[in-house]
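S.K.: We have chain A already, so just place chain B on it with the hints.
Chain residues, written in single-letter form:
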Amino acid sequence: MNATSIVLLATILIAMSGLPMLVFSKQTQQGQRYAVAILVVGCLTGLYGVTFAFDVSHSTKLIHSWTLPYGMFSVGIDAISRFFLFLIFTVPALIAIYGLGYWKQNEHIGNGRQLGLAFGLLVSSLALICIAQDGVLFLLAWEIMALAIFFLVTVEDEKPEVRRAGWVYLVTTHLATLCLFAMFALWRYATGSFAFDSAQGIPAYLANPIFILALLGFGAKAGLMPLHIWLPGAHANAPSHVSGMLSGVVLKIGIYGIVRMTGLLPIHEAWWGGSLLAIGSITAVCGIVYAIAQHDLKRMLAYSSIENVGIIFMGIGLAVYGRYLGHMDWVILGLAGALLHSWNHGLFKTLLFLNSGAIIHAAHTREMDKMGGLGKKMPHSMALFAIGALGICALPPLNGFASEWLVYIGLFRTLGLDGSLGYPALSVGAVALSLVGALAVAGFVKIFSVIYLGMPRVAGTERAKDPGLSMIIPMLMMAFGCIVIGLFSFLTFPLLNSAVGIWSGMPETHISISAFAPSLWISLIGLTLIISFGLAFILWNRFQSKNRIPRRGTWDCGYAAPTARMQYTGSSFGQSLVRFFRFLLWPRYKQPFIKALFPSKQSFSREVPDVILDRGFLPGFHYVQVKLRKLHIIQQGNTHLYILYIGFILLFLVVYGAKS
Amino acid sequence: MINLIIHILILLLVPPLLLGIINKTKAWFAGRKGVPYFQTYYDIIKLLRKGMVLSTTTTWIFVAAPIVTLISVLLAGILVPFGPFPSPISFAGDVILFAYLFGLARFFTTTAALDTGSAFEGMGSAREVTFACLTEPALFFAFLVLAKISGSFQLTRMLLGPEGGFTMVSAAPLVLIAVGVFIVLLAETCRIPVDDPNTHLELTMIHEVMVLDHSGPLLGVILYASSLKFLILGSLLLHIIFPIRPEFGLLNWPLFIIELFGLAIVVGIIESIMARLRMRNVSYLLIGAILFCGFGFILLVR
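Protein chains in written order, with this note's numbering: chain A, 1 to 660; chain B, 661 to 962.
Pulled out of the complex, with its shape left as it was, chain A reads as follows (with noise of 0.2 Å):
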């Protein structure tokens, strides 16, 4: 059998593997543990597809023709789809035996059913996507994973703000999928078929549009400001581990969108890659200021990732300005670096969410500031927590810094070193990047101390402990992977390679990321950190074991007694960039005014809700809706009329089609 037959069959299995859970009782939790085992199999299937069976030279397509009127079943894998698939088949198994402890079917008997089926159909849609050859297809496939979404976002339907983020999310999604419907009718209209074949003949006139419908398209679905309204909602209000599969993996598959287009169409100007680029640093400074003034962990993690899908819009940008000017080496440095921060976010991010899950379990809250101390009754989850939080800051020795250092030569070979002609102003790509490297640290900083370090701030934490294992080995898996790719990023480079051959339309023996890039140093200065720490670590056992190191409290400036409510709160800690940033977050305060010497009891709050949902979209549909109030005519809310509606434009259409 060929690659692309196993990954079909692993995408069916996939599909089918919340079967069991219908067939089983409700209250146990046998029906999930069949249905967890066929995922894994299939991605296992899947995994063995893309790394044993494929084969670069045969890069074999399937087709068959079916009875729609449009499109084609094409499907076929190459290295650009591998690349993305090596994800979808590795972190979603680990989500879900992590679900195995984290949901378990016997205690959400309600839910668990549901969240089972989707999240099969999630993934198998996820790969459907990446192997679909075919504008129909994907678009099939876009839709079951649209939908899958939402269902797995309104687990917990019970909830109003639950249902309120899967309304945000059905409506954003749809909107986005709107665009790429237009986006595949004039792809059609330029090539003349939904074949996803290269297209570099396609005129500047029909490639612009085409361009501008994918980023909103995909730039919704990976988050783009302004376009990431559903993504903070959806995160916070959805289970952890369901949060981790859209952070860590579906936000990739808009990614995945706009580097397949991005590669089949023809660069005709420059301001693509300019306005990806701009984009691109736009939404990462936006996003990582936003996670910092919240106080929900999860929206604070979903703000995160928009961030990182901005330094991915960056690299992709550059690789797109690199090949309209004919600079390979930003190509190449640009497009790993996306690609590689791809993977490395699916990482730490999903590792990140779902230690949130175990957070939230210990805590029974989302809120930041009420939690603390928890590392001392979870040194395992804070370990890993910490191995995430320094991955996603990008400090060596760790798999985020091996990708955005890609991203960084990149940008400074914009300079025009080695006497090329540059472009200097993209170098200032690398200077937004910094700041978000700097303020990444400073978010981080904030939520890993914050939960895990001092003391607790509010009593009901004194039970907490450790997950399971079942829980606990997924995160370390990925916490391995971290480290892995942190020290050895050089073994993902033959990957990387083809997939910027694939893209750049460049014979693949000419790519070559290491010549840029010589990534044995960072293993080197990465190793001899570890091993510095390792020393270190012995040379500190031994000096407890001579030494009795005596325990007192923390030193308070002699005040005598001091509570853990005096404690820095994550909101403190944030306030001055906060301040600092209040032109793009426009925090609402409610402070108390103090006239009298002797003031009553009065409370300060703080509130950065989402400008761009809050002040700009909900208000501009609430117009539209205003405006159009007298089309109610036409929407009854009746199922039947509809359902006329669509007979009578059937109609017309074959009436008109008939005649031209």
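Keep in mind that a hint or two might mislead.
So the derived list for chain B, only partly shown, Cβ under 8 Å to chain A, looks like this [to be verified]:
id : residue
1  : Trp688
2  : Ala690
3  : Val723
4  : Ala779
5  : Ser785
6  : Ala786
7  : Glu796
8  : Phe800
9  : Pro853
10 : Gly880
Since the hints were made in silico from the structure, they are not lab data.
On a predicted model such as this, the values are computed, not experimentally measured, just so you know.
All C-beta atoms in this analysis are idealised placements derived from N, C-alpha and C, irrespective of residue type, glycine included.
M.R.: Only chain B this time, still in chain A's reference frame:
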């Protein structure tokens, strides 16, 4: 080989002396005799031999932080060239690693401060991460200028200048980024006017307040690491101030050390004649640094 050994020796041995020179300068301005030049060495040795107290609140982060800081700062010291001699390790893109090693140190220092659960240390670490958001862009603008001038983004090449010598075009940008990087140096090494290393009021400090709970050997490591940081960022700055170097061979080593002493004296003078800025005004100073470096970049690539 001999250069490598001298590089390592300077990196390991000289830093505490620079703090001594700063303190001596300040004492001279105040009309005092001041502590001996080698006081910091004595302090570090004394601290390393002392016992240690740990807070009941802290976890392993608290102990790991000083060690991680020391290791990452030492590694950064191997990437930066001293004087006209290339650094021991140099590769394309090492400049980014250089900046991010400081980021690693910052991550651990600030988490360790929050690990104690003390509000004062929380304030210090909030300030540290906030100001870093302003120094980092300034530093990267300076790196872009240096990369453009030298046509390379290896730290050694960037700091030693282009192979064909400097052109007049690069003079003005270099002056601008020198000012910017000097401000970054003052902020990152916690000197006046950003931070006052001698103050005793926890509310007004940044770095000192973050290490209030560290004691004994760990405090010694912190003291040593912060003096190392001064040496490393100082040598970065000296390359920008003195881009062209005479051909003195090995005599360049003493010359480099004299330059470092000069820098320490200048910092000492600034500390003597200036007061610490109010905390909210620090960010204006740092934005000033971004503007200096940013305009240097614009001037160069216009």
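S.K.: Would you mind marking each hint as holding or not holding in the structure?
M.R.: So, going through the hints one by one against the coordinates:
Residue-level restraint check for Trp688 (chain B) is violated (minimum Cβ-Cβ distance to chain A is 32 Å; threshold 8 Å). The criterion of a C-beta within 8 Å of any C-beta in chain A is not met by Ala690 (chain B), whose closest approach is roughly 27 Å, and the hint is violated. Taken as an interface hint, Val723 (chain B) checks out: its beta carbon lies about 6 Å from the nearest beta carbon of chain A, inside 8 Å. Interface hint at Ala779 (chain B): satisfied, since its Cβ lies 5 Å from the closest Cβ of chain A, which is below the 8 Å cut-off.
Here the hint on Ser785 (chain B) is kept, as its CB sits about 7 Å from the closest CB of chain A, short of 8 Å. Hint status for Ala786 (chain B): holds, given a least beta-carbon distance of 5 Å to chain A, under 8 Å. At about 4 Å, the closest approach between the beta carbon of Glu796 (chain B) and any beta carbon in chain A falls short of 8 Å, and the interface hint on this residue holds. Given the 8 Å rule on beta carbons, the hint for Phe800 (chain B) holds: about 4 Å separates it from the nearest Cβ of chain A.
Proximity of Pro853 (chain B) to chain A is violated relative to the hint, the smallest CB-CB distance being about 18 Å (cut-off 8 Å). Given the 8 Å rule on beta carbons, the hint for Gly880 (chain B) is violated: about 12 Å separates it from the nearest Cβ of chain A.
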